[in-house]
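Enquirer: Going down the list, the sequences are from chains U and A.
By this note's numbering, the letter at position 65 of the first sequence is numbered 141, and the numbering carries on one by one without gaps.
By this note's numbering, the letter at position 90 of the second sequence is numbered 275, and the numbering carries on one by one without gaps.
Hints in this document: simulated from the structure, not taken from any laboratory.
For each residue, glycine too, the CB sits at the ideal point set by N, CA and C.
Each statement offered as a hint is correct.
Computed from the model, here is a short list of chain A residues facing chain U with C-beta under 10 Å:
1) 273
2) 285
3) 286
Not the full set, but computed from the structure, chain A residues with beta-carbon under 7 Å of chain U:
4) 217
5) 227
6) 228
7) 229
8) 234
9) 281
10) 282
11) 288
This is what each chain is made of:
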Amino acid sequence: ETGVTQSPTHLIKTRGQQVTLRCSSQSGHNTVSWYQQALGQGPQFIFQYYREEENGRGNFPPRFSGLQFPNYSSELNVNALELDDSALYLCASTEWGDRVRGYTFGSGTRLTVV
Amino acid sequence: EDQVTQSPEALRLQEGESSSLNCSYTVSGLRGLFWYRQDPGKGPEFLFTLYSAGEEKEKERLKATLTKKESFLHITAPKPEDSATYLCAVLNNQGGKLIFGQGTELSVKP
Chain U
77 ETGVTQSPTH LIKTRGQQVT LRCSSQSGHN TVSWYQQALG QGPQFIFQYY REEENGRGNF
137 PPRFSGLQFP NYSSELNVNA LELDDSALYL CASTEWGDRV RGYTFGSGTR LTVV
Chain A
186 EDQVTQSPEA LRLQEGESSS LNCSYTVSGL RGLFWYRQDP GKGPEFLFTL YSAGEEKEKE
246 RLKATLTKKE SFLHITAPKP EDSATYLCAV LNNQGGKLIF GQGTELSVKP
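Based on the provided sequences and hints, a complete structural model is requested.
Expert: Written as structure tokens, this is what we have:
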């Protein structure tokens, strides 16, 4: 089975620009979530999509938005980039149900805002 | 507020020296507690899911246990390749938000 793949692996953007990060979820998974991980910290939940609808959101401003597509792949969009947005962005997928076995994470996109 | 705290922040062991990592949590309705391993610059790699107090899971040199307030990751006779950051996370019954601790950075010297 294929795992979670993210693109691009690295990205450098200028403050104020917009960025789109992409994720292909693991085969058989219907739920995808996004996390932001600063250096030396645990990942912070941004939001989750289940069957193309957002079903959970963390403490991130509206300039962080996302989409999930019918094939369960997903995008994370960040508008008006700030220096503090520099981080590793992780995508994770799972099969949502009464018993969540575990989330499979991708290798992440390293975003640097200058 | 749901919260996860891991200790110690960093742990240095000699090869073969067994030890335990701690994950203390408060959560409004536990749906699952997850352990991950993360290597530098990589995404977290799934290790275990525990669902209820008293449950234990094992994989090679790792064993995870769960009580109502904390989880332990026991590492028996570690090897240098076990060096990584170990993350603990909880999933509550209010949606899909995984709440992570800050991680324990484990270093195993030969």
